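Bring the two chains, given one by one in their own frames, into a single complex with the hints.
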Amino acid sequence: MSPAVEPVWTPASPGTDFAGQLAALRSAPRQASAGVNERLAALHGLSEALLSGARNLREGLPADGLAFLSAFLREDNLRSLIAREVPAPDALSQFVAIGPRKSLRLLPRGLVCHWVAGNVPLLAVFSWAVSAALGNANAIRLSSRQGDVMSPLLRSLAAQSPVGRIISDETLVVTFDRNHTEAQHAMSLAADVRIAWGGRDAVDAIRGLPTRWDCEDVVFGPRMSMAVIDPAVIKPTAVTRLVTDIVIFDQLACSSPQVVFVKGVPDEAGFDAFMGLFQEAFARQSAAFRRHGLDFAETFRISLDRSRAILSGGTVLRDGGTQWTVAIMAAPADGIDCANRFVQVVPYQSLDEIYPFVPENAQTCVVQLPPQDLAAFSEQAAWRGVCRFPNPGEGNHFENPWDGIGLVSRLTRFVVRSEAGR
Amino acid sequence: MATNGELTVPGQAAAAPELQLFVPGLAPFAMPAAEKAIFLASRLAELLEYHRERCPGYARLLTDWEQYGGGDGDYVQRYPFVPVTVFKEYDLKSVAGEVAVVRSSATTSTQASRIYIDKASRKRQSRSANLILTDFIGAERRPYIVFDLEETVRGAKAFSARGAAILALAHLATEFHFVLREGRDGPELDPDALHRALAKIGDAPFIAYGFTFMLYNAHRQMASLDLPRAHPDSVLLHSGGWKKLVELAVGKPVFNGVVSGPWGLRPDRVVDFYGAVEQIGMPYPDCSEGYKHVPYWADVITRRGDTLAPAPTGESGLIQLISCLPLAAPNHSVLTEDLGRIVHADGCPCGRPGKSFLFEGRAPRSEVRGCSDVPRR
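Sequences listed follow chains W and V, in order. Residue 232 in this note's numbering sits at position 205 of the first sequence; the count goes up by one each step and never skips. Residue 616 in this note's numbering sits at position 357 of the second sequence; the count goes up by one each step and never skips.
A hint or two may mislead.
Derived lysine to aspartate or glutamate pairs resembling EDC-like cross-links, with alpha carbons at most 20 angstroms apart [stated by the list, open to error]:
(1) V:Lys378 to V:Glu357
(2) V:Lys347 to W:Asp364
(3) V:Lys511 to V:Asp485
(4) V:Lys347 to W:Asp361
(5) V:Lys511 to V:Glu619
(6) W:Lys129 to W:Glu446
Just a sample of chain V residues kept apart from chain W, beta carbon distances all over 12 angstroms, derived [stated by the list, open to error]:
(7) Gly284
(8) Leu285
(9) Ala286
(10) Pro291
(11) Ala292
(12) Leu320
(13) Gln326
(14) Gly330
(15) Thr393
(16) Gly414
(17) Asp527
What the hints contain is simulated information worked out from the structure, not anything from laboratory work. All values derive from a computational prediction rather than experimental measurement. C-beta atoms are modelled at their ideal positions from N, C-alpha and C, and glycine is treated no differently.
The shape of chain V in the complex, shown without the other chains (with noise of 0.2 angstroms):
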């Protein structure tokens, strides 16, 4: 393993370029803090030049940072951000020619991101994803249950977020079924099709993945069916936003019990993840306990309201995602509007070493208002 900050690691000389940054064997969480932060430094450094050279508006970014400071702390603490809806509004791109667009949900933002992912990204990315799921899930592939529709993997659409993130567990899957159908007011159960889908997967344990709302619609229509118990091994995950379950009054307890009920599983084979469209390839699984874990290619800092400092930990603050994976565009290390808070700086009770952290959800709309708060006309 390197732990003196060279980037050429022993054993990964006949992994593809693309691919050098995993190291073979670790476990996504197991790399000691000491050699993360060595490990995390040098490849950031190098991934800051990689952009600054191809990305003249990153480039000009870097040059405001590296004159006015990014503040106290390590190497990672300080290292340059990019709010991330500066992707909404500018074309931020590392690579020249054709490459592949990732839009965000329309739901979530009046407008959307454009994140630029091109093949060896995309390669990254989807070790990522499979190296961080296996962690939690198991790497024992099955069948795979999508409360989504099928064209939104298909074509464009599976450059949107949601397509992203159902093809984020794709190498998971031993086959897909999708059982969602468009519907009057959107996306609806399809029972026929998840009859159809259970009658194949008989009493093997499954996947299966939703949007966040989508997949709790769903399990609501499903709570009159009559369906078979599912193997305890299975797993149910989702992503996205809370918004409207908030609006519902819906808690993570009475959800996970409404998508839990159908099944006969568990509560706790419902893992909720996080996740930005800016940052694909790295899933936030919550653990057994209910807290989100940190690879070793990847960091995750929380800022404080007023002064963008480090929040120590237990503190909320903006939720700074940092990735070694992004090489098209410089979404490596982006600021959200998202809240959260470092729960553990070591020693999460669900075994896994390093920092856990909690997502707390999207910052509230600014209370201070003034008279000057208006547009010019």
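If we strip away everything but chain W, and leave its shape as in the complex, we get (with noise of 0.2 angstroms):
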């Protein structure tokens, strides 16, 4: 295998070269290895030492991200993300009756290869959690554009206890050029299941690998996200969560809204109020989270992008510099390049403004209405696409299901079984 392939994390397992490694992974026994409870037991450990603040285990991981993966990792978070999808979670353990005449038995699918994009690196963090939980072995690929995530935490893991030591054991973390053949072959043909997160061109990519003929594919690709408020029910700090989703994650994540649909209109005392708190919290926001670096290409489009608003007769505002805008605009400019903290904020009268213009490919659409109005969007906008219709705040959340997927019944293998002499 070529040098290239920098090994980020090496269980202790006994391949030489990658493609070792990842047989050496896959072929190992686990079925005594350990159990799902011992497993969320563990990933329940790793959690509070992340509360706990252990210097080791923030470097490398986004401080933002911090207090959300450590939610994330609670047994109580992973237990109910399972039970939301299995309707007996008892079957990950031993074979559960789902009926008069039948068991049920969740076996893990084995080795689940991830390919986790540049921009959100806690991408790696969720999938690998749950399909550990769920007892299969994990190889990870990072980006080269990411830093290491990964390592502080399976040391951690290793350290705290004999099945976290499985858990890490049982992962391997590498990085190398994506357009590495050889090593991408290697793991795509490992792969049981094939996790690839991603823009279009990444998971084209991965999807081109040749791969088993029994391997699930899980593609978390290229969406794009919104959000539907109604000035009259949204609190002062909703707006600031609302904001916090846009802010975080440079709205490089398929969850980050890129418009914001705002019922009102423009110089109305409702509409107004609310963009009062948006644009205030923008800036406060802005400013909380550190954005990252941006290059030339990016910084050219902010400035092009303001420009572009302005002359379609929208209303930009904006910091002096390229932290932030808003541009309020007659309805979405596609345009527009909604990335780096960029939103269109789009006034609307009646919902069914809105729905021309959910795409099919949204992901995630933020809402804080009325009951009867979210009932009544939700549904049109579900059949038009959206995935999901988080609070504020509650956008980047990563949960199961995912852009419509069950993460746990890809990561496992169906098993049942007819009972004796019934």
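Following this line, the structure appears as structure tokens:
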């Protein structure tokens, strides 16, 4: 194997090169290694360690994602995510009756290979944690553009308990160039499940790799997100949380709202009051959360998109530099790139005005609406493509299902048994 | 000379109004920095109001700029700019009625820029290019070999970026010789036309011009021709993108060797000049040290990635081009997608005072791409 595969975290497996390590991970007996309950307890321990603020754990992890990661790894949270999808979670430990004549058992699929997008490094941790909790071995290819988020976690996990050690020993983390064909093929061919995170080019490239015929593909691909807000029912604290959803991850996550539909019309008291809070929160949160350093093309694009918004008849609210931009537009402008803290606000008076602008590749729609409006809107928008309707502040909270995909089902093998003599 | 910000400059009264920008008898790079700052500030302020009154779109951009400010720095550094792409997507015009439109080369962008030019601007552009190029290659008019098709300067095509660049040198020409013809794969060398031109030029010094890639291709073909040595005062100018040459791994030293070789000229007689269709009339030729200089009626600022704040000397940034020439459209201050760096605030070894800069190519496409990077469908 080419030396260009850089090990980030190497478990104590017998493989001597990348392909060998993958083969060893896949073939290692896991039947008696650790049950789901022990695994969930070990991950809960990691959550506690994150909360306690151990310095070695904070290295490489974005501060803004630390609290959420800690909450995500809590045992009750992971149990809740599993229970949403699996009617009999005990089936992860033993055969469980699911009717008068049938029992169900859920087993790990084997080796789950994760290709992680560079823009949101925590994604690796989310999909790894769910997969590891379910008993799978994991190989993670981190983007060469992102920091190592995994090693501090795995080191801590290994030191905590024997089961923590088992999970860390079942995890291989590497980084290699996306054009490293040999490494890409090796990882893809070893996978029982491929999880691909990223933009169109990235996921297309991964889907195009050779693989086993029975390999399961989980593609968290390119999608866009939005928000729909009625100023009459949103509190100032929720406005701040909405803005945090937009600002965090610099809008490079598929769950980052790009367009916010706001009920009302400009120059009307309710709309203007909301915009005052929104603008203030945008400035505040943009200062509070550090942004990645923009390259020249991104910076040029902000300047260009501000000009586009103004020349298209929009109103631009912004800082004096390039930190944040709110463009109030009559309708979403497709040519404007809503990234790096650049959001379009579109006033509406009836929910019917919004539906034509809900794309079929929508993912998240953050909502704060009166109950009747929420019921009507979510039904219509779900049919058009939206997969999640979280409250403000939960827009980027990874949960199961995600992108409309139930992750537990994809990461386990469902085994059914007829009960003898019945 | 005006040193106090007054717009009326002694000695300019007799000049046509559209040409009052230029100070008679003053070389383009000779104005001391302190005087230039005052000179530019007053003219740019006047130009800003001129376009604000005539171009509603620009007026809206200015309202935004004035509300949020243009950052720190002196007047010129805080002066508003329009990203060049805006001219591809919006009609920004400061004159009523029929005016000429220059379009950018389709080879460098998917959508062409549309830059309006009126008669007054054209005169300013012509004078500007004349003064700048004269400073570099002398005022003597010479035969002009054009490495392009003759139809590039005929009719509507004269308003292409190539056509405009060819005509920018017309004031230096005693006669034109177009030496390319349409071939199966685009323009190619016409050996007969070249031999006819050289027979007429004899051993006199000439100027030649071509778009960078076209000049390179033609001279590759010329390597097999038996050409007479050119007069050592001859000069070969070129402008345009290096993208295709970079793909061929051809750098400037190789390029200069290929182009100067068939003529027996020194490589430094091949002069690259940088320019933009949004700033016609503002050629930036390389000096003997390989740097570009800014005349007193223009400025160049490089801006940092991330903040767009002015980059300090020596640091690469996006190039902002400013000139006092355009009257038909607000393209007098544009933010390009090109990278460059200021090399000297003053004191280039070539002897020209004032700022000198280096053009470093097009800014690369953004590397940070996420799962949100997708068109709505």
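Here is how each hint holds up against the structure:
Only pairs whose Cα atoms come within 20 angstroms are accepted, and V:Lys378 paired with V:Glu357 is accepted, the gap being roughly 11 angstroms. Restraint check: the Cα-Cα separation between V:Lys347 and W:Asp364 comes to about 17 angstroms, which is no more than 20 angstroms; the hinted pair holds. Taking the CA atoms of V:Lys511 and V:Asp485, the gap is near 24 angstroms; set against the 20 angstroms cutoff, the hint is violated. With a C-alpha separation of about 16 angstroms, the suggested pair V:Lys347 and W:Asp361 falls inside the 20 angstroms cut-off, and the hint holds.
For the hint pairing V:Lys511 with V:Glu619, the CA-to-CA distance comes to about 12 angstroms; that is within 20 angstroms, so the pair holds. The suggested pairing of W:Lys129 with W:Glu446 holds, with an alpha-carbon distance near 6 angstroms, which does not exceed 20 angstroms. Listed as outside the interface, V:Gly284 is consistent with that label: its C-beta sits roughly 39 angstroms from the nearest C-beta of chain W, beyond the 12 angstroms cut-off. No Cβ of chain W approaches the Cβ of V:Leu285 within 12 angstroms, the least distance being about 34 angstroms, so the stated non-interface status holds.
For V:Ala286, the condition that its CB be more than 12 angstroms from all CB atoms of chain W holds, with the nearest at approximately 34 angstroms. No Cβ of chain W comes within 12 angstroms of the Cβ of V:Pro291; the nearest lies about 32 angstroms off, and the non-interface call holds. Under the 12 angstroms C-beta cut-off, the non-interface status given to V:Ala292 relative to chain W holds; the minimum distance is some 27 angstroms. Once the 12 angstroms rule is applied to beta carbons, V:Leu320 is inconsistent with being away from chain W; the minimum gap is 6 angstroms.
Listed as outside the interface, V:Gln326 is inconsistent with that label: its C-beta sits roughly 9 angstroms from the nearest C-beta of chain W, within the 12 angstroms cut-off. Annotated as non-interface, V:Gly330 brings its C-beta within 12 angstroms of a C-beta of chain W; the closest such distance is 7 angstroms. Against the 12 angstroms criterion, V:Thr393 stays outside the reach of chain W, whose nearest CB is about 34 angstroms from its own CB. A cut-off of 12 angstroms between C-beta atoms confirms that V:Gly414 is not in contact with chain W; the least separation is 31 angstroms.
For V:Asp527, the requirement that its beta carbon stay farther than 12 angstroms from each beta carbon of chain W is met, with the minimum near 31 angstroms.
Checked against the numbered hints above, the structure breaks hints 3, 12, 13, 14 and satisfies the rest.
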